[in-house]
Amino acid sequence: MIEIRQLIKSFGKFRALDDISLSLKGHQAISLLGSNGSGKTTLIKSILGLVIPESGSISVNGKEVKHGYSYRADIGFMPQIGRYPDNMTIGQVINMVREMRSDVRAYDEDLIRDFGIEGLKNKVMRTLSGGTRQKVSACLAFLFNPGILILDEPTAGLDPLSSEILRAKISNEREKGKLILITSHVLSDLEGLASEVIYLQDGKLMFHRRVRDILESAGEEKLNKAVAKLMRSVSHGGEEK
Amino acid sequence: MRTIVKYIFLDLLRNKVVLVYAVILALLSFSLLNLDNNTAKGLLGLLNITLLFVPLISILFATIYFFNSIEFIELLLAQPVKRDKVLLAEYTGLATSLSIAYLLGIGLPVLLMAPGMPALILLITGLLLTLIFSALALLVFVLFKDKTKAIGASLVVALFFTLLFDGFLLTFIYSFNDYPIDKAVLGFIAFNPVDLARVLMLLQLDVAVLMGYSGALFKKFLGSAFGSFYSVCCLLIWVGIPLILSVRLFRRKDL
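In the order they appear, the protein sequences are chains A and B. Quick note on UniProt numbering: the first sequence kicks off at 1 and runs consecutively. Quick note on UniProt numbering: the second sequence kicks off at 1 and runs consecutively.
Simulated from the structure, these hints should not be mistaken for lab results. Quick caveat: nothing in here was measured; it's all calculated off a predicted structure. Positions of the beta carbon are idealized from the N, C-alpha and C atoms, including for glycine. Do not rely on the hints blindly, as some may be mistaken.
[As the list claims (entries may be wrong)] If you want the footprint, here are the derived chain B segments under chain A, 3+ residues with CB under 8 Å:
1. 7–15
2. 79–85
3. 99–113
[Claimed, not checked] Distance condition first, Cα-Cα at most 27 Å in a straight line; then the derived DSS-like pairs of lysine-lysine:
4. K13(A) x K149(B)
5. K176(A) x K222(A)
6. K147(B) x K13(A)
7. K123(A) x K16(B)
8. K63(A) x K222(A)
9. K253(B) x K204(A)
10. K66(A) x K145(B)
11. K66(A) x K82(B)
[What the hints assert, rightly or not] Here are the simulated distance ranges between beta carbons:
12. D84(B) x S35(A): 31 to 41 Å
13. I241(B) x N87(A): 51 to 61 Å
14. S35(A) x I241(B): 41 to 51 Å
15. T148(B) x E216(A): 50 to 60 Å
Model the full structure from these sequences, guided by the hints.
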């Protein structure tokens, strides 16, 4: 569903993405790992067309990202920090996005219901806690039932209960054949959810492997231990694919 | 695009800064127009307030608003919409609300207490300045990545046009006053929207000769009608150019 070829992006002298090639398919929940500043967010923003790469190409469902914007109709995006205009209400934000997408008629309102957003409809964005804003962002990402979901640190500000609701939703959507790309630096949060792991370090792709393979080759039962082992071996032993 | 404009406008309608701006303008209008029986004097006072504060407040408020909307703009751009549209919608929503604040603050009192052609021209002047300095704020927003630097740049831009430019112009006139530079000065004025706005208004008030060099020049060379037309055209160009530049630069901007 997403094909990335030899993607390069620098900010000044700093190489944020260094020759990244990836092929991401449906039916997968992919965990995008890496320390702060490793290029995770830049990679996501490149897919969304928010960051314009110097060279390389990205195609989403066969459509080149740099040649238009219609491809974004099939992507739901949940940003790391959800900031909205201060005086808008939750209801207004949801209605606005709906009116922008007048082509879509069927909405996926599971999260709006499960998070109890309906009852907060008249709350002004300025007064909301970070967690509630995250919930609104999550609702918007899933609203149009897109085939690809890109979630940037989705569970960072959520309470355990809401986090569980979101996890259930993610795994549900994956079952339906969707591609879900999640960045996170807390691996345990996603254990049991991710089917593939992509690891970035200093803008370079260190590995992209299936969770099952990682577990097998490391001989561990816990994903975080196995990944930690793999990270260590990769940063000592050079690139491995 | 209309959807985004509508919701940004609804957001700003409840913004306290915009509200306070309108109220202060209204208080100033009422007090200045009540001060004297001569409404022309009151209008001149309001003109000076417009020329000094509208650029400063428009550009600063707009810059801060645009920077606070970055995450929101990203969210909008994740939808299948064109970058140009999102940026212009942000601008339109903001410029509309500031314009309405100005129209309510200055327009209502002026039309009630001193109706007539000069009042109308004052309102057009204020509106154009609002549009111009919001557009300049948009350009600053697109050019800078850092909010603090951008606010500094906006301050410099506003002060340059309201205060510094005239200083340079006077120095220029003073040092070359042995030469026939009148036409050159007319040309220079076109480079400052605040001067253009002042000229536009003074031509209407029939006090051009009293109100300084540039006004007298305009009256002498262009006459009232053509002078007004010329300055309105220049002011409209001042709205257009920053907008076009912003849209073009925004297409390549990393968010």
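Status of each hint after checking the structure:
1. Counting residues of the segment 7–15 of chain B whose C-beta sits closer than 8 Å to any C-beta of chain A gives 8, which meets the bar of three, so the coverage hint holds.
2. Counting residues of the segment 79–85 of chain B whose beta carbon lies closer than 8 Å to any beta carbon of chain A gives 5, which reaches the threshold of three, so the coverage claim holds.
3. For the segment 99–113 of chain B, the assignment as covered by chain A is violated, since 0 residues bring a beta-carbon within under 8 Å of that chain's beta-carbons and 3 are needed.
4. A threshold of 27 Å between alpha carbons decides the hint, and for K13(A) with K149(B) the separation of about 21 Å falls inside it, so the pair holds.
5. Distance restraint check for K176(A) and K222(A): the Cα-Cα separation of roughly 26 Å lies within the 27 Å cut-off, and the hinted pair is therefore satisfied.
6. As the CA atoms of K147(B) and K13(A) are separated by approximately 22 Å, the hinted pair is consistent with the 27 Å bound.
7. At most 27 Å may separate the alpha-carbon atoms for a hinted pair to count; K123(A) and K16(B) meet this at roughly 17 Å.
8. For a cut-off of 27 Å, the pair hint linking K63(A) to K222(A) is broken: about 38 Å separates their Cα positions.
9. Between K253(B) and K204(A), the direct Cα distance comes to roughly 23 Å. Compliance with the 27 Å bound is thereby established for this hinted pair.
10. Proposed proximity of K66(A) and K145(B) is supported: the alpha carbons are some 22 Å apart, at most 27 Å.
11. Our distance criterion of 27 Å between C-alpha atoms is met by K66(A) and K82(B), whose separation comes to about 12 Å.
12. A C-beta distance of roughly 36 Å is found between D84(B) and S35(A), which places it inside the suggested range of 31 to 41 Å.
13. Remark: the range hint 51 to 61 Å for I241(B) to N87(A) is contradicted by a beta-carbon distance near 31 Å.
14. Checking the proposed 41 to 51 Å range against S35(A) and I241(B) shows it holds: the Cβ atoms sit about 44 Å from each other.
15. Between T148(B) and E216(A) the C-beta distance comes to about 51 Å, which sits within the given range of 50 to 60 Å.
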